[in-house]
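Asker: Given chain D's structure and the hints, the job is docking chain Z onto it.
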Amino acid sequence: MIVYLLCFLLLLVGLYGVLTKRDLIKIILSIGILGYAVNLLLILFAYRKDSVYPILAKGKEVAQMVDPLPQALVLTSIVIELGTTAMLVALAIKLFEKYQTFDISQIRRLKG
Amino acid sequence: MPVEYWLIFILIVMIIASIAALEMKDILSSIVAIGVVGLGVSLSFLFLQAPDLAIVQFLFEIFALIILVKAFLGKDYHIEEPSRINKILAGVTVITLAAIFIFSVSVFELLPPFGEPLMTTSQYYLENGAKDTGAANLVSSIILDYRAYDTLGEITVLFTAILGAFTILRIKSKSKKDKTELSHAAK
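Chains as they are written, first to last, in the numbering used here: chain D, 1 to 112; chain Z, 1001 to 1187.
Only chain D is shown next, with the shape it has when bound in the complex (with noise of 0.2 Å):
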């Protein structure tokens, strides 16, 4: 219960950075910290007391194994998550270049 709790207020920290912080790459890395919350999260629910990673070997028990299927999920979610840092990385270089900032109250011209 208290886990879950830290890893909640591990996400609201990622979206307080999200929501106000003016550098570009400040909310790049919070968005980092929110996808590194939810995979958290996901594999906390998966946990089981006193038990062992699931993989058959010899001594290894099928009836004492973690849950393997969030486990599955999250491993495709991270590499996901590298793929849109990449592309949120090149976005905020060519903005770099044609801003020559990374402050988005200086850059004016997208507002409508």
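Please note that a few of the clues may not be correct.
Sample of chain Z residues lacking proximity to chain D, with all beta carbon distances greater than 10 Å (derived) [said to hold, decoys possible]:
(1) Met1001
(2) Arg1084
(3) Asp1132
List time: in silico DSS-like cross-link candidates among lysine-lysine, alpha-carbon distance up to 25 Å [stated by the list, open to error]:
(4) Z:Lys1172 <-> Z:Lys1075
(5) D:Lys94 <-> Z:Lys1025
(6) Z:Lys1025 <-> Z:Lys1070
(7) Z:Lys1131 <-> D:Lys58
(8) Z:Lys1075 <-> Z:Lys1131
(9) Z:Lys1075 <-> D:Lys21
(10) Z:Lys1087 <-> D:Lys21
(11) Z:Lys1070 <-> D:Lys60
(12) D:Lys98 <-> Z:Lys1025
(13) Z:Lys1025 <-> Z:Lys1087
(14) D:Lys21 <-> Z:Lys1070
(15) D:Lys98 <-> Z:Lys1172
(16) Z:Lys1070 <-> D:Lys94
(17) D:Lys98 <-> Z:Lys1075
(18) Z:Lys1025 <-> D:Lys21
(19) D:Lys94 <-> Z:Lys1075
(20) Z:Lys1070 <-> D:Lys98
(21) D:Lys94 <-> Z:Lys1172
(22) D:Lys98 <-> D:Lys21
Worth flagging that the hints you see were computed from the coordinates, not collected in a lab. Ideal Cβ positions, reconstructed from N, Cα and C, are used throughout, including at glycine.
Answerer: Chain Z alone, transformed into the frame defined by chain D:
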């Protein structure tokens, strides 16, 4: 020491590191602080009995740090000081997020407690995974056999994101092109 206490310790370190990453002025320091958060995630995956994920997270962290340092270091720019309205808005945001946190306590009470997952679908995978797919690692038997189409879709998303990043980087900005044309004309 039980797993739960280790996790609480790691999570507190991660929260402090992420707040430090957001509040530090120097960009290199905040990128390194993000690295602390990512390696903390990797370490907690090890405590939660997910070794494959710990390895993938570790590699992801190193790649992300290399990309961020290569892209953002040495860029000189100025951030305006936040005005009074911005500070008030940041305060309102913090209060709203604190309210969300307090309300979320009752939501997390509804979930199954830590250490006792539901295991409705997964029980089938655990019992029949080796017989159905022939893989000793049940996580890879799920991503590569039971949910192979899911993995195919994920590969498509990854490919599209990388393709998008390359396309964005290849577009030449207009002002730069004008400058090179001018310099050619001057010659």
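Asker: Taking each numbered hint in turn, which are not upheld by the structure, reported in ascending numerical order?
Answerer: Hints 8, 11 contradicted; others consistent.
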